[in-house]
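If you read the sequences in order, they're chains A and B. With the first letter of the first sequence counted as 1, position 239 gets the number 239 in our numbering; the numbers rise by one all the way through. In our numbering, each residue carries its 1-based index in the second sequence increased by 1000.
Incorrect hints may appear among the rest.
Said to hold, decoys possible - Capping the alpha-carbon separation at 30 Å, the derived lysine-lysine pairs in DSBU-like fashion look like this:
id, chain 1, residue 1, chain 2, residue 2
1, A, Lys339, A, Lys83
2, B, Lys1147, A, Lys149
3, A, Lys210, B, Lys1147
4, A, Lys210, A, Lys260
Unchecked claim - Reference listing, derived: stretches of chain B covered by chain A, where coverage requires no fewer than 3 residues with Cβ under 8 Å from a Cβ of chain A:
id, region
5, 1036-1048
6, 1152-1164
7, 1288-1300
Said to hold, decoys possible - If you anchor each label on the Cβ, the simulated ranges turn out as follows:
id, chain 1, residue 1, chain 2, residue 2, range
8, B, Val1130, A, Asp273, 31 to 39 Å
9, A, Arg276, B, Ala1127, 38 to 46 Å
10, B, Ala1017, A, Ser223, 56 to 64 Å
11, B, Ala1022, A, Lys149, 45 to 53 Å
12, B, Leu1020, A, Lys29, 55 to 63 Å
13, B, Ala1127, A, Gly40, 52 to 60 Å
14, A, Ser316, B, Val1015, 47 to 55 Å
15, B, Gly1297, A, Lys83, 34 to 42 Å
16, B, Thr1151, A, Gly206, 31 to 39 Å
17, B, Val1130, A, Pro174, 38 to 46 Å
18, A, Asp106, B, Arg1324, 41 to 49 Å
19, A, Ser223, B, Leu1020, 52 to 60 Å
20, A, Ser223, B, Trp1265, 40 to 48 Å
21, A, Ser316, B, Leu1145, 35 to 43 Å
Hints listed in this document are in silico derivations from the structure and should not be mistaken for laboratory results. Each residue gets a CB set at the ideal place from its N, CA and C atoms; glycine is no exception.
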Amino acid sequence: MTLRNTILGIFMAALLGCAGCTAHAADAKCGANTGKAANGEPIVIGGIVSVTGPDNFSSSGLAATAYFKCLNANGGVNGRPIKYQLEDDGWNPEQSSQVAAKLIRDQKAVALVGNMSFVDCGANQGIYEKEGIMVIAGVGVPRDCFFQKNYAPTNAGPRVSNTKAVMDVAQTYPGKIKRVVCIAPNIPNLGEWSCSGAVAWIKKQGGDGKIITFDPGSLDATSVVLEAMAFKPDVISVGTPKGLAVPIFAAAEEQGLADKVHFTGPASLYNPDFPRAIGKYWDGKVTVDMELKAADAGTPDMQNWLAVMDKYGQASDPRDTFSQAGYLAARVTAETLLKMDAAKIDRKSVTQGLAEHQAVRKRHVVFALVRRRRSSSQRQSRGPGVVRQGRQARGKAGVRRVGRS
Amino acid sequence: MPISTARLPLRAIAVCAGALLALYFLPAALSDYWLRALISVTALTVASLSVSLLFAQLGMVSLAQYGLLGVGGWFALRISHGLGVPFELALLTGGIAAALVGLVIGLPALRMRGLYLAIVTLMMAGAIQVLISAFGFPDGGSGILGKSTGTRMMMARPLLAQNDEAYLRYAIVIAGLCYLLVLAHVRGRPGRAWAMIRRSEVCALAGGVDITAYKVRAFALSGFLAGIAGGLLAGGVGQLDASAFPASQSIMLFALTIVGGAYSWLGPIVAGLLLRAFPALLNDFRIDGNIATMIFGLGLLHALITAPRGVAGQLADLVRTVRRLVGGKRKAES
Chain A
1 MTLRNTILGI
11 FMAALLGCAG
21 CTAHAADAKC
31 GANTGKAANG
41 EPIVIGGIVS
51 VTGPDNFSSS
61 GLAATAYFKC
71 LNANGGVNGR
81 PIKYQLEDDG
91 WNPEQSSQVA
101 AKLIRDQKAV
111 ALVGNMSFVD
121 CGANQGIYEK
131 EGIMVIAGVG
141 VPRDCFFQKN
151 YAPTNAGPRV
161 SNTKAVMDVA
171 QTYPGKIKRV
181 VCIAPNIPNL
191 GEWSCSGAVA
201 WIKKQGGDGK
211 IITFDPGSLD
221 ATSVVLEAMA
231 FKPDVISVGT
241 PKGLAVPIFA
251 AAEEQGLADK
261 VHFTGPASLY
271 NPDFPRAIGK
281 YWDGKVTVDM
291 ELKAADAGTP
301 DMQNWLAVMD
311 KYGQASDPRD
321 TFSQAGYLAA
331 RVTAETLLKM
341 DAAKIDRKSV
351 TQGLAEHQAV
361 RKRHVVFALV
371 RRRRSSSQRQ
381 SRGPGVVRQG
391 RQARGKAGVR
401 RVGRS
Chain B
1001 MPISTARLPL
1011 RAIAVCAGAL
1021 LALYFLPAAL
1031 SDYWLRALIS
1041 VTALTVASLS
1051 VSLLFAQLGM
1061 VSLAQYGLLG
1071 VGGWFALRIS
1081 HGLGVPFELA
1091 LLTGGIAAAL
1101 VGLVIGLPAL
1111 RMRGLYLAIV
1121 TLMMAGAIQV
1131 LISAFGFPDG
1141 GSGILGKSTG
1151 TRMMMARPLL
1161 AQNDEAYLRY
1171 AIVIAGLCYL
1181 LVLAHVRGRP
1191 GRAWAMIRRS
1201 EVCALAGGVD
1211 ITAYKVRAFA
1221 LSGFLAGIAG
1231 GLLAGGVGQL
1241 DASAFPASQS
1251 IMLFALTIVG
1261 GAYSWLGPIV
1271 AGLLLRAFPA
1281 LLNDFRIDGN
1291 IATMIFGLGL
1301 LHALITAPRG
1311 VAGQLADLVR
1321 TVRRLVGGKR
1331 KAES
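With the rest of the complex left out, here is chain A (with noise of 0.2 Å):
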């Protein structure tokens, strides 16, 4: 182990046992925090995640589930409790529009929130402008999610985020970055979008790129990743959710590619779990976007957000960027209707409430509400919201290393 890896380790220890002290310690906080059960007349929220499919992209919606259980534990929207349905859309748009019909139709949900999938904003578009329903998403994955006038995803997407990481690693070696790989599932509107941002990036800066999509449903990562380095890339990012990208990281370390190209990917990696999934190898060798602050980053918010889900959500239950987007989107729907007169909540009322929402208004409620917290130093220490993947610590401006724990 180098000097640096072990300096990072030790650091990394002790924010992770910081993180741990502070999240425990903390007491979560929801709503108007009464501490009362709620037990009037409940709320209908849905929300639409995949669960069942080529890997489970689900942890948004769960945070909203511990964060309407918070709420409804702490006096709910104004004495009434929310009802939370959370449904499975399986990867499958036939599926996705079943479950919709079956939120907004059959229940007579007033919003959906926590939304995290891969075929919603595509399948759903119709019924969300048709029916008038909000959906303030956890997650917009497809451009569709970000071009929707009802659909408000807490986060930048991973176009912005896929960007972000590869200009992250163009600055850290510059003068050494011309040529990307971007590899992406082939979901209509997902997979060339969301990588064409990098690439024109560095066609931009004088390189060339090239974006490589797969079916998610029969993943051949060995031919993926050597189809990529027939390109002779400099970097390659992993756009994929992490249940995808792991088998891909796989491939690469049967291959030796770790000293030869630079692997990072966006937000969609920044999970605790993944550098223990993609192996010792790994570490400090790959970048990852990180939207939101650090999970361990100590702030009111995050804190919050770990007591939240230690106390309401299972112990299985991903802490990571998507957990808190969930997390944020439940909040700010739940602040909006403790705005409103609990007796007239209805669906007109609900969208009419969200959309003049600051927050999502501005699309990414998210940004909105983390700047309103964020006091000035804090404001000057985030940076370009990269993620350094080896172990968890704090790197140069804002950029983290996430490792081995």
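For chain A, the structure is supplied; the task is to place chain B on it using the hints.
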């Protein structure tokens, strides 16, 4: 002169009237979740009908039918977005495009059958999967591929069926027309020719049957049905997903057509229900829908070992048994 009621097919009239009433009232009684699930069931019933047509009439196994669904859906979407034609025309275009591709897939069938034909058609399904994965489905953009760079367009539904309830009725009517098309073929000259080919190609040839023409016709008709199913599916959701048409789904479609009963008109309906309603039921009860695949495997084993005529055959046997028992009791009472 009074009409003799004895000559009227009262039973058939009663069945038709019952079906019409069910067609009107059943969608109105369903939740929106089940309306959408049954739209998919109806589309998959037509797809299963295309498999059973080849298997039951010609004894041929085609493992490319789900890929043809994708072909039909692709062309229906492209025509609908590109030209803004009525849904019916887009649906028909999808059917014809899939029929042409089906015809190409059927060419190896002129020289081979059984396992070899199954393998060749499966490879064709793989080729379709690769093409669909590479180019995706049209979503309102310009150019040959119709890929949008802005907001995605949804496929326009028929004027008569804008909401889910009406679209389910519409899809059932289309499925009924597909059944009639198959029935017209089976009861006509092609059906007799197919029966002879199934029994023995040598005998069929000796009987003056143009084997090539009738085999090609069967594959084209089968492809047409699969294409119609793809168009119905695209109209139901408004778009199609490139990852939803893997070659493995063609195997699943064939397997469940066998489980449902390829030799009966009821079989494709059972297959459609198994393919889409059963996972939807599990999902509704918050049980992992993938468990359905395991149950389908057991169902296929059951069908192969004990019920070669599938669930439809078992249901027919059950009805016969009940009738015999009821009839026996009546005779005993009289």
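Between the region 1036-1048 of chain B and chain A, are there enough contacts, at least three residues with CB-CB distance under 8 Å, for the coverage claim to hold?
holds (count 3)
Do the Cβ positions of Thr1151(B) and Gly206(A) conform to the proposed distance bound of 31 to 39 Å?
holds (33 Å)
Quick check on a hinted range of 35 to 43 Å for Ser316(A) and Leu1145(B), using CB atoms only.
holds (42 Å)
I want to verify a distance hint. Is the separation of the beta carbons of Ala1127(B) and Gly40(A) within 52 to 60 Å?
59 Å Cβ-Cβ, so the 52 to 60 Å window holds.
The hint says 45 to 53 Å between Ala1022(B) and Lys149(A); measuring C-beta to C-beta, is that right?
violated (38 Å)
If I claimed the Cβ atoms of Ser223(A) and Trp1265(B) lie 40 to 48 Å apart, would that claim hold in this structure?
With a Cβ separation near 44 Å, Ser223(A) and Trp1265(B) satisfy 40 to 48 Å, so the hint holds.
Cβ-Cβ distance between Leu1020(B) and Lys29(A): within 55 to 63 Å?
Given about 60 Å between the Cβ atoms, the range holds.
Between the region 1288-1300 of chain B and chain A, are there enough contacts, at least three residues with CB-CB distance under 8 Å, for the coverage claim to hold?
holds (count 3)
Against the 30 Å threshold, does the CA-CA distance of Lys339(A) and Lys83(A) hold or violate the hint?
holds (18 Å)
Given the hint that Lys210(A) pairs with Lys260(A), does the C-alpha gap stay at or below 30 Å?
Status holds; Cα separation ~17 Å.
Given a hint of 38 to 46 Å, does the C-beta separation of Arg276(A) and Ala1127(B) actually sit inside it?
holds (39 Å)
Compare the distance between the alpha carbons of Lys1147(B) and Lys149(A) with 30 Å, and conclude whether the hinted pair is satisfied.
Answer holds: Lys1147(B) to Lys149(A) is near 21 Å, not above 30 Å.
Hint 11 from the earlier list is the only one contradicted by this structure; the remaining hints agree with it.
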